[in-house]
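Q: For the sequence shown, the working numbering gives the first residue as 176, with consecutive numbering after it.
Hints listed in this document are in silico derivations from the structure and should not be mistaken for laboratory results.
Just to be clear, a hint being listed does not mean it is correct.
Claimed, not checked - Pairwise CB distance ranges (calculated):
#, residue 1, residue 2, range
1, I282, E220, 49 to 55 angstroms
2, K290, L322, 21 to 27 angstroms
3, S303, E341, 18 to 24 angstroms
4, K335, K292, 19 to 25 angstroms
5, E341, Q304, 20 to 26 angstroms
6, K287, L337, 17 to 23 angstroms
7, E220, D317, 26 to 32 angstroms
8, N177, V198, 29 to 35 angstroms
9, E220, Y332, 57 to 63 angstroms
All C-beta atoms in this analysis are idealised placements derived from N, C-alpha and C, irrespective of residue type, glycine included.
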Amino acid sequence: MNEILKQRIVGAIVITALAAIFVPMLFDDPVTNSDNFTNELSLPEGPINDMQPSLDAIPKTTNQVLSQPVPAQVDLQTKAIKQSVKKTNLKIWTIQVGSFSQKQNAIEFRDKLRKNKFTAYVDSVTNSQGTLYRLRVGPELDEKRALKTKQRLESLYKVKPLLVSE
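Whole structure, please, built from the sequences with the hints as guidance.
A: As structure tokens, then:
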């Protein structure tokens, strides 16, 4: 067969294949897929609450209740922590910042410590001279961290705290 004839046959096949692919695209309408999807979500309606909160039901003494300190919860929590740690024979370290004869002074200093992100609590001890309120920071499981906390307390508050192991 002649070379020129072969080239013409191959060219005709290529042009026919391209025409078979692109000609239907010219005559068809463009397909939009947005009709198949809906953006709406239909949820079943939940129960309607017919009750309206009344403002009269709220007690008017809430400010007084909220402004009172709750030291009893802190004392209970620290006692529970001490009991659980004693059972496991671990040494815990606390820093005794001071001892106060008046509970109010201990609580005020405790609040200052808490504002500076110290975990402070007040513990009461009764002896022959009366009741003393010990202000403590901790507990810490690591002695080095307890020493660093003690040094921070010394520099910030100009006190001489005691490092106590329990």
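Q: Hint by hint, note whether the structure agrees.
A: Against the structure, the hints:
At about 52 angstroms, the beta-carbon gap between I282 and E220 stays in the expected band of 49 to 55 angstroms. Restraint check, K290 to L322: a C-beta distance of roughly 23 angstroms satisfies the suggested window 21 to 27 angstroms. A hinted range of 18 to 24 angstroms for the beta carbons of S303 and E341 is consistent with their spacing of about 23 angstroms. For K335 paired with K292, a C-beta distance near 21 angstroms keeps the hint of 19 to 25 angstroms intact.
The supplied range of 20 to 26 angstroms is met by E341 and Q304, whose beta-carbon atoms lie about 23 angstroms from each other. Between K287 and L337 the CB atoms are about 19 angstroms apart, so this pair conforms to the stated range of 17 to 23 angstroms. At about 56 angstroms, the beta-carbon gap between E220 and D317 misses the expected band of 26 to 32 angstroms. For N177 paired with V198, a C-beta distance near 30 angstroms keeps the hint of 29 to 35 angstroms intact.
For E220 paired with Y332, a C-beta distance near 60 angstroms keeps the hint of 57 to 63 angstroms intact.
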